[in-house]
Structure formats: structure tokens, C-alpha cells
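Student: Sequence:
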Amino acid sequence: MTDSSTAGILTVLHPVSDLDAAKAVYTALLGVAPQTDSAYYVGFEAAGQQIGLVPGGGPQGMTSPVAYWHVPDIEAKLAEVTAAGAKVKEPAHDVGGGRLVATFTDPDGNVLGLLQDR
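So for the sequence shown, the working numbering puts the first residue at 427; every next one is plus one.
Hints listed in this document are in silico derivations from the structure and should not be mistaken for laboratory results.
Treat the numbers as computed from the prediction; the structure is a model and nothing was measured.
Don't be surprised by glycine CBs; every beta carbon is placed ideally from N, CA and C.
It is possible that part of the hints are untrue.
[What the hints assert, rightly or not] Label-pair distances were calculated between CB atoms; the ranges are:
#1 A509 with A454: 35 to 45 Å
#2 E516 with L436: 14 to 24 Å
#3 A510 with S464: 34 to 44 Å
#4 V451 with G484: 10 to 20 Å
#5 A454 with S490: 15 to 25 Å
#6 A510 with A450: 16 to 26 Å
Given only the sequences and the hints, what does the whole structure look like? Please build it.
Tutor: Okay, structure coming up:
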């Protein structure tokens, strides 16, 4: 994998208005209990994907699901997509455990995510 390639969409975050209700539905859908279960984030791992529930869209104000492409170099990929016309919405930042995330919008305003584990 080169610095500008992706490992594909492995993480999808969903904003939810009722965390407990959403947790019950996603537990039934995925057939597994959450790996992370807190008041600000509930995360599942199923079939190699990370599915996250974010109450109220979190501090980033998500209003729809955001798919995150996993990349080896988040800054290089951000530079590549912005050079192609994307606009950075949320610069790369550490969300804990060395995980970096960033979001950007495509020319139609769709929010896309990047994720790098260090």
C-alpha cells in the first residue's frame, strides 16, 4: 500500500438521538455486543468493520452517517484530496490511542472521513 492508497471503508459512524435505543437495534443487527460502551460513543466490531454510534452527532455535529477510509498517511491523503477539489471540514486530530481522524467534503458537500491508526 502506498501513502496515497486506502485500505477501504472499515469504519462508519452513525449519529443517533437515543443511544440506548440505537444500541439495542445495532446489537440485534450485528449479532454482537458493543466493544466500547460509553455515554459518548458505542462501538461495535463486526465482520472486520467498526460501527460507531455517536449521540447527537458528537462535537463534530454529524447529521448523517460518515464512512471513514483507512489510510497509512492521513496528511498525505488530505493533501491529495484537497488538491483534487475537496474541502477540509475537520483537520486531522487524535481521538485517543494514537488514532487520527479527519473529514472533508466532496464538491457536492458530502462528508467523507479518513482514519489513520499509528
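Student: None of the hints should be skipped; say for each whether it holds.
Tutor: Status of the hints after comparison with the structure:
For the pair A509 and A454, the supplied restraint of 35 to 45 Å holds, since their beta-carbon distance comes to about 43 Å. At about 18 Å, the beta-carbon gap between E516 and L436 stays in the expected band of 14 to 24 Å. Checking the proposed 34 to 44 Å range against A510 and S464 shows it holds: the Cβ atoms sit about 36 Å from each other. The hinted window of 10 to 20 Å between V451 and G484 holds, with their beta carbons roughly 19 Å apart.
Restraint check, A454 to S490: a C-beta distance of roughly 22 Å satisfies the suggested window 15 to 25 Å. A hinted range of 16 to 26 Å for the beta carbons of A510 and A450 is inconsistent with their spacing of about 41 Å.
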